[in-house]
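*Asks:* The listed protein sequences derive, respectively, from chains A and B. Okay, so the first sequence: first residue is 1 according to UniProt numbering, each after it adds one. Okay, so the second sequence: first residue is 1 according to UniProt numbering, each after it adds one.
Hints are computed from structural coordinates only; laboratory data are not their basis. Bear in mind that the values here come from a model prediction, so they are computed numbers and not experimental data.
The calculated lysine-lysine pairs, modelled on DSS-like cross-linking and capped at a C-alpha distance of 30 Å, are:
no.: 1; chain 1: A; residue 1: Lys129; chain 2: B; residue 2: Lys147
no.: 2; chain 1: B; residue 1: Lys230; chain 2: B; residue 2: Lys39
no.: 3; chain 1: A; residue 1: Lys115; chain 2: A; residue 2: Lys102
no.: 4; chain 1: B; residue 1: Lys185; chain 2: A; residue 2: Lys115
no.: 5; chain 1: B; residue 1: Lys118; chain 2: B; residue 2: Lys183
no.: 6; chain 1: A; residue 1: Lys102; chain 2: B; residue 2: Lys185
no.: 7; chain 1: B; residue 1: Lys147; chain 2: B; residue 2: Lys118
no.: 8; chain 1: A; residue 1: Lys102; chain 2: B; residue 2: Lys183
no.: 9; chain 1: A; residue 1: Lys129; chain 2: B; residue 2: Lys185
no.: 10; chain 1: B; residue 1: Lys147; chain 2: B; residue 2: Lys230
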Amino acid sequence: MRLVAITAAIVVAGGAFAQEVAPTDVSYGEYGAVEASLSGAPGNAEAGAEVMSQRSLGNCVACHQVSALGDVPFQGEVGPSLDGAGSRWEEADLRGIVANAKMTFPESVMPAFYKSEGFIRPGDAFTGKAGTEPLPPLLTAQQVEDVVAFLMTLKDE
Amino acid sequence: MKFTMTSALAVLIVSAPMAFAGGADDDVLSIDGVEMTSKVAAPPALAETGIDTAISGWHFREDDTQAMQTDSFDNPAMLAVERAADVWNTVEGTEGKSCATCHEGPESMQGVRAVYPKWNETAGEMRTLAMQINACRTENMGAEAYKYDGGDMTAMEALITVQSQGMPVNVATDGPAAEYWEKGKEIYYTRYGQLELSCASCHEQNYGNYIRADHLSQGQINGFPTYRLKNAGLVQTHNRFRGCIRDTRAETFSTGSPEFIALELYVASRGNGLSVEGPSVRQ
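Input sequences plus hints: build the corresponding full structure.
*Replies:* Here it is as structure tokens:
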């Protein structure tokens with residue numbers, strides 16, 4: 001059983017993604033930074049912009065205003081504007097903030113997008129019914145990398 | 001992150017893409033010409049929260065939604081109130097009684113909504129208004145209990161609530177209520193679900209701010225039951241709690257559960273002093 005699961009995982013993951021880091025294995029620095037790519041591959045900024053805008057994906061604009069995503073309606077004000085985030089932070093910082101913002105900002109209301117367990121009354125997505133940990137993280141390793149790549153393009157003028 | 005009206009306006013002018021900005025408005029809520037206390041100095045339950053004014057959710061809604069609540073003829077919830085007024089006089093159950101048999105007219109219920117949830121000494125339990133309605137039905141009328149959040153129950157709640165419109169919410173939190181209140185407070189500050197958000201994350205730390213298209217209020221319950229335009233129907237406090245917890249990607253509690261009874265008491269106490277405003281209208 002175990003053997004089958006492992007080989008299946010290798011087949012699915014394939015060459016480029018072989019070094020994917022599981023949510024429970026992410027290593028955070030003292031201030032919450034994550035040095036290495038979670039997927040083992042570089043991110044795609046254009047895909048990242050999509051993840052940040054879509055309600056069903058990252059929905060980052062629910063809380064953050066991003067001028068570069070100006071055509072996305074109803075940008076929220078719960079978190080700070082992300083304009084210039086790529087100048088304020090290193091790539092490793094941004095990866096850590098997206099994966100689990102509480103490692104950088106303790107008590108933050110910002111959800112952890114790459115975390116699978118340790119929740120109180122975890123649900124099955126938005127059904128209101130119980131979910132079973134480990135839950136799929138809110139974003140995949142590659143989606144986190146895509147978002148980080150997009151954030152890195154948000155430079156001060 | 002609290003915006004005052006002036007800074008909100010500044011944001012609106014400076015950043016063109018943002019079509020809105022936060023804060024409670026300065027409008028006055030009158031229902032059929034009677035002015036409501038929709039903002040009041042923070043009651044004791046808000047001590048240590050940093051909130052100095054309890055504010056009705058009405059102040060965070062769009063003008064057209066607000067307007068529907070200012071005149072009973074425009075308030076779609078009043079249809080349910082009328083329906084319940086008929087039920088009030090209808091004999092049901094094995095004892096051959098109606099509500100009117102014991103209570104005379106619905107106006108005898110004035111002041112009731114304002115103090116619920118309330119400790120019931122005889123039963124030795126904390127009772128929400130819905131629980132009290134069902135206790136009357138089963139024990140005094142020999143009738144069947146209503147479904148906790150069904151249409152009949154919510155309509156009857158609305159009829160009873162409207163009798164207290166304009167009176168200050170005044171739930172007791174001491175004596176036997178204290179342990180329920182503590183339990184409710186603990187739930188209020190627990191960060192549930194995969195999004196790890198508590199009631200306080202949205203309604204204490206961020207009221208006045210927009211979360212996507214939603215303008216966050218303090219999550220007060222002085223307007224319940226509420227006619228929600230989105231559902232085209234009346235919803236109860238516990239339905240709203242469920243929806244908010246579900247939105248954190250958590251397993252919710254059930255309507256009528258001990259957890260929600262405690263939470264209702266606690267949340268009600270955060271609005272002590274606000275006028276009973278129900279049935280209100282929300283988007």
